[in-house]
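Using the hints provided, position chain B relative to the given structure of chain A.
Protein sequence lines, in the order shown, are assigned to chains A and B. The opening position of the first sequence corresponds to residue 44 in the numbering used here, with each subsequent residue numbered one higher. The opening position of the second sequence corresponds to residue 44 in the numbering used here, with each subsequent residue numbered one higher.
Take these hints with a grain of salt, some might be off.
Repeated chains share a single entry, so a pair holds when one copy, or any two copies, can fit it.
[Stated by the list, open to error] Only pairs whose alpha carbons sit at most 27 Å apart, straight line, appear in this in silico DSSO-like list of lysine-lysine:
| id | residue 1 | residue 2 |
| --- | --- | --- |
| 1 | Lys114 | Lys140 |
| 2 | Lys140 | Lys129 |
| 3 | Lys114 | Lys124 |
| 4 | Lys140 | Lys61 |
| 5 | Lys63 | Lys140 |
| 6 | Lys140 | Lys81 |
| 7 | Lys75 | Lys61 |
| 8 | Lys111 | Lys140 |
| 9 | Lys114 | Lys61 |
| 10 | Lys81 | Lys61 |
| 11 | Lys114 | Lys63 |
| 12 | Lys124 | Lys61 |
Bear in mind the hints are in silico, worked out from the structure with no lab data behind them.
2 protein chains.
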Amino acid sequence: MHAATLMNPYFAVIFTSKLKQPATGYAEMAAKMEQLAKQQPGYLGIESARDTALGITISYWASEQAIKDWKNQLEHQLAQKLGREKWYQHYHVRVAKVEREYEFNHMDDVL
Amino acid sequence: MHAATLMNPYFAVIFTSKLKQPATGYAEMAAKMEQLAKQQPGYLGIESARDTALGITISYWASEQAIKDWKNQLEHQLAQKLGREKWYQHYHVRVAKVEREYEFNHMDDVL
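Bound conformation, chain A alone (with noise of 0.2 Å):
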């Protein structure tokens, strides 16, 4: 997914993470908090891919409340223990402050 958030200034949750295996239901809570976060103020966007080894997921944020209220929601500290005990190996969060940005876009007219 294409998180469009061309606007400053803005935050990164970088959230690194190891699964053991198996990983019974990960995916479905995943997919079920990617829907809780949007509905969060100060939500711009996500960007999620996983390796065997490894998954990423970004999300945007307008700003450190925004970041710290989706942190503290009910459910998602729900899911955030049940991965602690069932699913993660590790994890790593980095909250990050957007600096600049820039973006190339193949233009298939130009050809």
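Only chain B this time, still in chain A's reference frame:
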């Protein structure tokens, strides 16, 4: 790969991309660039994952200058040009300053 970056301040370059298909030669070029990046001053680590829809690569750097130096490195410049001509449908680069972070490790020995 787990990027060991528990020091502040530092920067993350969030690179998200969509490839044209087939992307012949892309994986080899990406691996070569990762090897070159590791030799740059200020390099701290790299993490990447790719789904069919989206690839995410995050590289970590000690300073903005280190990021600029890597962007302008000669072989990397050629790879970027080739990428725009051959492989990328779209990409988005965000330079972000990591403000805080935390980790979770599952402890097998306390189960």
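Outcome of the hint check:
no. : hint            : result
1   : Lys114 / Lys140 : both (17 Å within a copy, 20 Å between copies)
2   : Lys140 / Lys129 : neither (31 Å within a copy, 31 Å between copies)
3   : Lys114 / Lys124 : within (12 Å within a copy, 40 Å between copies)
4   : Lys140 / Lys61  : both (24 Å within a copy, 24 Å between copies)
5   : Lys63 / Lys140  : neither (30 Å within a copy, 30 Å between copies)
6   : Lys140 / Lys81  : both (20 Å within a copy, 24 Å between copies)
7   : Lys75 / Lys61   : both (19 Å within a copy, 24 Å between copies)
8   : Lys111 / Lys140 : both (14 Å within a copy, 18 Å between copies)
9   : Lys114 / Lys61  : within (20 Å within a copy, 29 Å between copies)
10  : Lys81 / Lys61   : both (24 Å within a copy, 23 Å between copies)
11  : Lys114 / Lys63  : within (22 Å within a copy, 36 Å between copies)
12  : Lys124 / Lys61  : within (16 Å within a copy, 33 Å between copies)
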